[in-house]
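Chains L and E, in that order, are what the protein sequence lines are. Numbering of the first sequence is given in the working numbering, commencing with residue 6 and proceeding in unit increments. Numbering of the second sequence is given in the working numbering, commencing with residue 7 and proceeding in unit increments.
This list has only true hints and no planted wrong ones.
Taking beta-carbon pairs under 10 angstroms as the criterion, some of the chain E residues facing chain L (in silico):
(1) K49
(2) G50
(3) G118
These are computed hints drawn from the structure, not numbers from a lab. Note that the structure is a prediction, hence the values are computed from the model and not measured. C-beta atoms are modelled at their ideal positions from N, C-alpha and C, and glycine is treated no differently.
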Amino acid sequence: DIQMTQSPATLSASVGDRVTITCRASQSISTWLAWYQQKPGKAPKLLIYKASTLEIGVPSRFSGSGSGTEFTLTISNLQPDDFATYYCQQYNSYFGQGTRLEIK
Amino acid sequence: EVHLVQSGGGLVQPGGSLRLSCAASGFTFSSHAMNWVRQAPGKGLEWVSYISGGARSTIYDADFVKGRFTISRDNAKNSLYLQMNSLRVEDTAVYYCARISTIFGAGGDYWGQGTLVTVSS
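Isolated chain L, as found in the complex:
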C-alpha cells in the first residue's frame, strides 16, 4: 500500500501569514491527491483535488501543487477561519496523518 506522510504535524501561524503543508507519497501517485480541511466535531471539507484543482466555493487563497510523490498545500493571507486540521488523501483511499494549523 502507498503510505502518505504529512509535515509538519503542527504549524503555528498568524492571521495574514502564508503557510505551506507538505504531503509525500511512498510511491508515485501522479496527481491523484486531494486536500481536506477539518474543524473539531465536523466532517472534512474538500479543498483541492487532482493536486491543484480548487473545489468550487473554496477561496483562492488556497492552492495546491505537486505531482509524483511530493505535494504542497499553500494558504496565503491566513484568515481566522483557516485555523483547522488539514489532510491529504491519495485517490480516494489512504490519508496523511494530518497537520494542525494553530494560531500563534
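Use these hints to put chain E onto chain L, whose structure you have.
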C-alpha cells in the same frame, strides 16, 4: 441539495457486530462511488472502504478491514452500508460516509454527519 444521513452507530461489546447506514438524497446515488472513513477519538482520518458506482460494484478495503467489515450499497434504496463484524476496541471511532465526485480523481465532495461507534465491554 445533496444530503447524506447516517444511522446505526452505538455501543457494542468486543466481538460484536454493527451495521452502519448512509441514506443519500439530492443526487443520482447510483452514479457515484462512495467511501467509508473513520476517525478515532483525537486521531486523524482513516480510510476504511470504497465501493464504485454503477450496476456492478468494485470494492477496495483498507488493510485493517481484513474481512471483518463489508461495504455494500442498494441503489434502489439510495443507501450505503458498512457491516462490521468481530469488532475490536480499536474500532472505536466516528464513522463517516462520503460521496465521491464523478470528476475522476476528485475525492469526497459531500460527507455524512458521522456516527459514533464505541466498542467496549
